[in-house]
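Residue numbers (our numbering), protein chains in the order written: chain A, 51 to 166; chain B, 545 to 654.
Derived by calculation from the structure, the hints in this document are not laboratory data. Mixed in with the good hints, there may be bad ones.
[Stated by the list, open to error] Think about it this way: if two alpha-carbon atoms lie no more than 20 Å apart in a straight line, the pair counts; the simulated SDA-like pairs of lysine to any residue are:
no., chain 1, residue 1, chain 2, residue 2
1, B, Lys586, A, Met139
2, B, Lys646, A, Ser159
3, B, Lys589, A, Leu89
4, B, Lys646, A, Ser108
5, A, Lys92, B, Gly636
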Amino acid sequence: EPEVTQTPSHQVTQMGQEVILRCVPISNHLYFYWYRQILGQKVEFLVSFYNNEISEKSEIFDDQFSVERPDGSNFTLKIRSTKLEDSAMYFCASSEGFGTTNYGYTFGSGTRLTVV
Amino acid sequence: RKEVEQDPGPFNVPEGATVAFNCTYSNSASQSFFWYRQDCRKEPKLLMSVYSSGNEDGRFTAQLNRASQYISLLIRDSKLSDSATYLCAGSGGSNYKLTFGKGTLLTVNP
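Work the whole structure out from these sequences, hints included.
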């Protein structure tokens, strides 16, 4: 079964440092997403990406965040200057879009980011 | 503004019990609804899509009431392996983003 792959599984970084979280979505999917989940809280939408550009972003996704699909395969989330409150599990997801049950949504296994 | 709200839980039930989870949503633009299961520190995994006519998958039954903006999940004959957090989610708009509830923790005890 095709899967969404995320690396690393766990990243520890110092406050103020830049981090890049990497994802390889399912190859025939068209929509790509990042979600995050702070420990004990709900899964929150960060950003969606379609046709090589951001299609929607939440108010969490401020200027410190950016996304890229540099080579048609990887999908990255960059946090420019990490804060303690950025510590969370970050999930990448991809979707086929309309016409399928659940829109063919698949989540990766996540990257646990710890900012110290 | 909370778009999706769930029973706070936690639910502790014995094996074999029937348990029901409820979820309300406030965004009437939401078009599709889902139940996800999330194990501790893992990604959400789709359990069921939810249809207005109600749908069943083995021991699991999901229901959607658009008039009341209400979603439910019923688990019959619960197993130890059903222990997890159950998330309801709504989706709408052109980007198919999901809006999740906070989740309800279920523990099935032997």
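Here is what the structure says about each hint:
no. : hint                : in the structure
1   : B:Lys586 x A:Met139 : holds (9 Å)
2   : B:Lys646 x A:Ser159 : holds (19 Å)
3   : B:Lys589 x A:Leu89  : holds (18 Å)
4   : B:Lys646 x A:Ser108 : holds (17 Å)
5   : A:Lys92 x B:Gly636  : holds (18 Å)
Of the numbered hints given earlier, the model fails none.
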